[in-house]
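These are the residues of each chain, in order.
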Amino acid sequence: MAGKTLYDKLWDDHLVKQRDDGSALIYIDRQLLHEVTSPQAFEGLRLAGRKPWRIDANIATPDHNVPTTDRERGVEGIVDPVSRIQVETLDKNCDEFGILEFKIKDQRQGIVHVIGPEQGATLPGMSIVCGDSHTSTHGAFGCLAHGIGTSEVEHVLATQCLVQQKMKNMLVRVNGKLGPGVTGKDVVLAIISKIGTAGGTGHAIEFGGEAIRGLSMEGRMTICNMSIEAGARVGMVAVDDTTIDYVRGRPFAPKAEQWDAAVEYWRSLRSDDDAVFDKVVELEGSEIQPQVSWGTSPEMVVGVEGHVPDPEKEADPIKREGIVRALKYMGLEPNMPITEIKLDRVFIGSCTNSRIEDLREAAAVVKGRKVSPTLKQAMVVPGSGLVKAQAEQEGLDKIFLEAGLEWRDPGCSMCLAMNADKLGQGEHCASTSNRNFEGRQGFGGRTHLVSPAMAAAAAVTGHFVDVRELMN
Amino acid sequence: MRAFSQHQGVVAPMDRSNVDTDMIIPKQFLKSIKRTGFGPNLFDELRYLDEGRPDQDCSERPINPDFVLNQDRYKNASVLLARRNFGCGSSREHAPWALEDFGFRVIIAPSFADIFYNNCFKNGLLPIVLPEEIVNQLFGEVEQNEGYQLSVDLEARTVTTPSGETFSFEVDDFRRHCLLNGLDDIGVTLEDADAIKTYEDSRRKTAPWLFGASS
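Quick mapping for you: the protein sequence lines, in order, are chains B and V. The numbers in the numbering used here rise by one with no breaks, and the one at position 341 of the first sequence is 428. The numbers in the numbering used here rise by one with no breaks, and the one at position 134 of the second sequence is 198.
Calculated directly from the structure, the hints in this document are not laboratory data. Glycine included, every Cβ here is placed at the ideal spot set by N, Cα and C. Treat the hints with caution; some may be incorrect.
[Unchecked claim] Dumping the calculated BS3-like pairs for lysine-lysine here, alpha-carbon to alpha-carbon at most 25 Å:
| # | chain 1 | residue 1 | chain 2 | residue 2 |
| --- | --- | --- | --- | --- |
| 1 | B | Lys253 | V | Lys261 |
| 2 | B | Lys138 | V | Lys261 |
| 3 | B | Lys104 | V | Lys269 |
| 4 | V | Lys269 | B | Lys91 |
| 5 | B | Lys138 | V | Lys98 |
| 6 | B | Lys264 | B | Lys281 |
| 7 | B | Lys454 | B | Lys91 |
| 8 | V | Lys261 | B | Lys104 |
[Claimed, not checked] Cβ pair distances, simulated, as ranges:
| # | chain 1 | residue 1 | chain 2 | residue 2 | range |
| --- | --- | --- | --- | --- | --- |
| 9 | V | Asn140 | B | Asp397 | 55 to 63 Å |
| 10 | V | Asp114 | B | Gln345 | 56 to 64 Å |
| 11 | B | Pro267 | V | Asp258 | 38 to 46 Å |
| 12 | B | Arg160 | V | Asp237 | 50 to 58 Å |
| 13 | V | Lys261 | B | Glu392 | 55 to 63 Å |
| 14 | B | Gly161 | V | Gly246 | 40 to 48 Å |
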């Protein structure tokens, strides 16, 4: 019999009951809650007269709606009354049910997918859910982590379980070493460009290979974060020393003898050598360039040395129609070099790229340089209050401010523009976020997905440039 | 949840692939703390020419006459015919809420994104996967026949065209059972409360660090 994949092991360890109809009850160790996808779930519990099954499995924080300025005023500082009600509703629900919440003025507040790992509330081997598709981020720790809808948020609150069908196994192996200036973001964009936005549908993806093993936990989180952009709800990386070293000493990590028992278990969280995957995709790390998205789907990506595609050269009629539509929305001409795309704004932040290493990479590029006068705005939004404090301790805030970038307070911000941070119609933005859908960053806004280093390089030149040219 | 067994209705064609949930319901409408009222903002950025705001009277807004749901022949549509990877992106359940609130009961596409597909079943909305060549055929028939309707039978797992041509589709037994009976699946899961407690007790022994950490 073939060995087990990491996904098989995580599935088996969380299986409460296999039903005759093919569905299964899967136990959930951790649920992260935020203000946008939880109010209807709490209301559902109340209407049915149900109580949460296990209060201590839940952690909440407001992130999507919070302003990134004027935070001393707390909830009162949220100008939009509809946003304010949503944040207040989360506070009320957590208070009523006794759920731990990092409120807006708590230094531990931040983007859910940043604070889970930061607090050690994300631990290897856990099953983790959140009403947010980027929950796949936590798979970087060898977790079974995925996004769910609000009905399932309520289901997990009420039962600590989800009804699931087992997915297929997919391995994405990135061989060899990455070149200088090439980051986890470039790797995952290259993967999505290769397999497409539906390439992982119905699968749990494990990312492996030397290039993945060589990444820090933060780089791995960036890759797992965007599994959903490849169609896979679940993305994972096997546990190794890098994982365990990251978790050690964090506030919610196990202590003393529990730590040793946990580590022993965690070390088993890797696919067996003879495990069989339903699908295997391979990339060569050395061939990956810094990536830039040109279109309105995360698969519409090309290396910075490349050109905007020509729809005439696409054989598939549905894809060709997609390219024509995307070029029209983006205001781009076929065959133009990527480096000729002029920008209006730069956004460095989001659950994909707002951790300390992301900020260090961006700061290293802008240090001693100035934001291009052709830009309307360049902003840096750290992923949590603790990331912000760490960055300030390292002096990164001063580097950004001296270069002319704005230094904001933590939240989802311009990744989805639910707060005041958004693009104007027709504006091009170099963004370290995860989605370049039409209107995602603001009505009529045009998003280009890049790494923090590439966004920083674009900030100081006003257009895309190969960041490797700016590196010493 | 509203039960679903059979449905017959007018088909509207959404002829683009990778329709994402941001497109189905843009973020500014996610600020609502309710489950209802999203229908007027379904496909907001495609449907209207201006930028929509929450709590706005949409009847006064300039509409995009080219958008399919603004055409008279599709105004009462309850079956949406779509392309590959429908519902990709964000996990927002507001997307099926908006489709259901508008009046859709069935969505037919060659493929769906996983989270969206799952969310539909929680809201009395049936997503049906049919092979691309059949979807292409249906797009052609809808285009040529005003008032074109399809009949869907969840019990029999079939889609039937006006000419009587029938296509079978697959749907897993548990989801079908819940949808046919309009079941609250939390109630179904709680019937297994003992199994959950047994699992939890055993897990508490083997992995005690997973319990009590955040309380």
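Structure versus earlier hints, numbers of those that do not hold, lowest first:
7, 9, 11
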